[in-house]
Amino acid sequence: MASVTLKNVSKAFGAYDVIRSINLEIEDGEFMVFVGPSGCGKSTLLRLIAGLVPVSEGDVFIGGEQVTDVPASKRGLAFVFQSYALYPHMNVSRNISFALETARLGKDEIRRRVTKVAEMLKISHLLDRRPRQLSGGQRQRVAIGRALVGEPEVFLFDEPLSNLDADLRMEMRFEIVKLHGDVKTTMIYVTHDQTEAMTLADRIVILNQGRIEQVGRPRELYDRPANRFVAGFLGSPRMNFAPLDRAASSAGVLRGVGGFYHAAELAGAENPTEIGLRPEALKLVSAETKGAICGTFERMEDLGYEYVCYVRLSETLVWTVRSTGRPPAFTEGQPVGLGWQPESLYLFGEDGRRIDHDSAVQLASGASL
Amino acid sequence: MKMAMTTTVPAKRYSNSTYRTIKRMKALGLYAGVAAVLVYMLFPYYWAIVSSTKSGQALYQFSLVPSLDFSNYWQLFHNPVFMGALVNSGLVAFASTMISLVIGILAAYALGRLQLSPGRIILIAVLMISIFPQVVVLSGMFEVIGWLGLYNRPSALIVSYLILTLPFTTWILTSFIRDLPTELEEAALIDGCSRLRVLTHVLLPLMGPAIASAGLLSFILAWNEFLFALTFILTDENRTVPVAIGLLTGSSRYEYPFGQIMAASVTVTLPLLVLVLIFQRKIVAGLTSGAVKG
Numbered sequence: 001m002a003s004v005t006l007k008n009v010s011k012a013f014g015a016y017d018v019i020r021s022i023n024l025e026i027e028d029g030e031f032m033v034f035v036g037p038s039g040c041g042k043s044t045l046l047r048l049i050a051g052l053v054p055v056s057e058g059d060v061f062i063g064g065e066q067v068t069d070v071p072a073s074k075r076g077l078a079f080v081f082q083s084y085a086l087y088p089h090m091n092v093s094r095n096i097s098f099a100l101e102t103a104r105l106g107k108d109e110i111r112r113r114v115t116k117v118a119e120m121l122k123i124s125h126l127l128d129r130r131p132r133q134l135s136g137g138q139r140q141r142v143a144i145g146r147a148l149v150g151e152p153e154v155f156l157f158d159e160p161l162s163n164l165d166a167d168l169r170m171e172m173r174f175e176i177v178k179l180h181g182d183v184k185t186t187m188i189y190v191t192h193d194q195t196e197a198m199t200l201a202d203r204i205v206i207l208n209q210g211r212i213e214q215v216g217r218p219r220e221l222y223d224r225p226a227n228r229f230v231a232g233f234l235g236s237p238r239m240n241f242a243p244l245d246r247a248a249s250s251a252g253v254l255r256g257v258g259g260f261y262h263a264a265e266l267a268g269a270e271n272p273t274e275i276g277l278r279p280e281a282l283k284l285v286s287a288e289t290k291g292a293i294c295g296t297f298e299r300m301e302d303l304g305y306e307y308v309c310y311v312r313l314s315e316t317l318v319w320t321v322r323s324t325g326r327p328p329a330f331t332e333g334q335p336v337g338l339g340w341q342p343e344s345l346y347l348f349g350e351d352g353r354r355i356d357h358d359s360a361v362q363l364a365s366g367a368s369l
Numbered sequence: 370m371k372m373a374m375t376t377t378v379p380a381k382r383y384s385n386s387t388y389r390t391i392k393r394m395k396a397l398g399l400y401a402g403v404a405a406v407l408v409y410m411l412f413p414y415y416w417a418i419v420s421s422t423k424s425g426q427a428l429y430q431f432s433l434v435p436s437l438d439f440s441n442y443w444q445l446f447h448n449p450v451f452m453g454a455l456v457n458s459g460l461v462a463f464a465s466t467m468i469s470l471v472i473g474i475l476a477a478y479a480l481g482r483l484q485l486s487p488g489r490i491i492l493i494a495v496l497m498i499s500i501f502p503q504v505v506v507l508s509g510m511f512e513v514i515g516w517l518g519l520y521n522r523p524s525a526l527i528v529s530y531l532i533l534t535l536p537f538t539t540w541i542l543t544s545f546i547r548d549l550p551t552e553l554e555e556a557a558l559i560d561g562c563s564r565l566r567v568l569t570h571v572l573l574p575l576m577g578p579a580i581a582s583a584g585l586l587s588f589i590l591a592w593n594e595f596l597f598a599l600t601f602i603l604t605d606e607n608r609t610v611p612v613a614i615g616l617l618t619g620s621s622r623y624e625y626p627f628g629q630i631m632a633a634s635v636t637v638t639l640p641l642l643v644l645v646l647i648f649q650r651k652i653v654a655g656l657t658s659g660a661v662k663g
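Top line first, the protein sequences correspond to chains Z and X.
Start counting the first sequence at 1; every next residue gets the next number (the numbering used here).
Start counting the second sequence at 370; every next residue gets the next number (the numbering used here).
I should point out that these hints are in silico values taken from the structure, not numbers from a laboratory.
Source: prediction; values computed, not measured.
Don't take each hint at face value.
[What the hints assert, rightly or not] Below, a sample of chain X positions facing chain Z; criterion: calculated Cβ distance under 8 Å:
id : residue
1  : Ile490
2  : Pro550
3  : Glu552
4  : Glu555
5  : Ala556
6  : Leu558
7  : Ile559
8  : Asp560
9  : Gly561
10 : Cys562
11 : Arg566
12 : Val571
13 : Pro574
14 : Leu575
Glycine included, every Cβ here is placed at the ideal spot set by N, Cα and C.
Okay, chain Z solo, but in the shape it has when bound (with noise of 0.2 Å):
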């Protein structure tokens, strides 16, 4: 078990900048997970972490120990791909005892320890097919078989689910949450999924153009998002975002698409230019109600437990509603108003970070839309 630190750590491949000076502490033992949209750069930095790809300046740390230079197979690490990378010529007991042999480990040892962690992943009945055999969560166990069997200090974990269908997924994830409690090793899982992300990770690192967004736990992250990448990022349908009128806002007042939302006591100069509001905070109502968001009624999706509406603030702008229950009857072009509670309301700078306002928000009476 192991920490691992990576210090102004960057990449560049030829004139890219894929990571650009990343700190980052991995507690010992800890589930940290990557997230990020596709060509963020987070498969890099795991690779960088493993020693696959050579760090083009920084640092990085394992265990406390400097390893930039050190090759991956010394590392002490284990890496679950996401194609699996299960060698085809091998059968299952050669695949997870491969890194043994290559250790020289006696034959005793070696069949003990493959015993081990079959009966542990339950594959012990697998041992002697070929991949091309398995289905595809058999190979993901065979896959992950192969990372344990060596005792790693720090498991790494690129897209490992990506590969299989919804179902297989959750059961996999739930079988991954389970394997850190029983290991305890430290792990760093990459992901594109944000449940993924929200379930598994102890903390979370939201990564945008190989530059850490945020760092945090899942639910700080999805309360207190550091900008407007990471509020976006996170929820699903994403949060709604409007731009504010700055000229026609006064403190107190902000004008923008939809009508007036009103937020008193906006703490610190900072000027807001964009407010936004999750689907989940917003509420349909009728287009008379005071302080409510105005817009027209696009479409509607019944998911069966939930219900997600598109209501049209202006020509370019449709914000989602999402609530559970019944779908209300509202017909295509029909004005609806958007109900919403202050502190839900986030408020985002003209550099995209998020400023804090007292979720005292006072709704100022009688405001016409």
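Based on these hints, arrange chain X on the given structure of chain Z.
Just chain X, lined up with the frame of chain Z:
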């Protein structure tokens, strides 16, 4: 036909039976073409077989049926020069194939996988070398062989055949290695393998099809080579088969041993046929299936 329903089908079309006839005609045409090509390709070989079983006057009579007289073969197999040449050819072809495979595999791994900056240039240079006509290289090669002291030795041929076999061996293997999933290699590196162990334990077992086809082609090339074999070898006991056939003589200088030459041609082709039949089973794709998502 009722006209009322045709509004939904704007394009004109023929009846179903017309299309069926067209389909049959196409199939027929295809098979006719294949048959023509096969006859064109295989007839010379068949003619060699037929001629090889004739001797004396029979050779001058036109007949498509082999006469089953194997005296030509009997004579050939008791010809020490020819049998020696057969052994030489086998040794030379086998050795040069093995050497070019070993060097080719190592080169292909370096060129296909390791991020070498001059890799591209080297690959193009390799391609250029394989474009040179043999005659251009011949005189230079002659100097090199003399300088190495290999003149009139079969090893001269092993060395010189490398410039023919190595370029395409490298090319075939390089493109094959590039197609293998990178993650397999990364997995092996994480499992603690050195580069060499990655190559021997992970990549090599998967390269069977490419190695079989590259090896087969280079064997055929070395087996059939004539120009170098004629130039670098002086005496009968060191010759390879293609030259030995060309220099076969009859019992007198006025006799052209046509039957024997045909018998030799057939004999020389047989090892290649056997090799191809053995290795075509090896040349199966799909060995990598199961490594990545299926």
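Against the structure, the hints come out as follows:
1. Ile490: Hint violated; isoleucine 490 of chain X Cβ to chain Z Cβ min 17 Å, cut 8 Å.
2. Pro550: holds, 6 Å
3. Glu552: Where the cut-off is 8 Å and the nearest Cβ of chain Z is about 4 Å from glutamate 552 of chain X, the hint holds.
4. Glu555: With a minimum Cβ separation of about 5 Å from chain Z (threshold 8 Å), the hint on glutamate 555 of chain X holds.
5. Ala556: holds, 4 Å
6. Leu558: holds, 5 Å
7. Ile559: At 5 Å from the nearest chain Z Cβ, isoleucine 559 of chain X passes the 8 Å test, so the hint holds.
8. Asp560: It holds, given that the least Cβ distance between aspartate 560 of chain X and chain Z is near 4 Å, below 8 Å.
9. Gly561: holds, 4 Å
10. Cys562: Status holds, d = 6 Å.
11. Arg566: holds, 7 Å
12. Val571: For valine 571 of chain X, the interface hint holds, since the closest Cβ of chain Z sits about 6 Å away, which is under 8 Å.
13. Pro574: holds, 4 Å
14. Leu575: Holds, about 6 Å.
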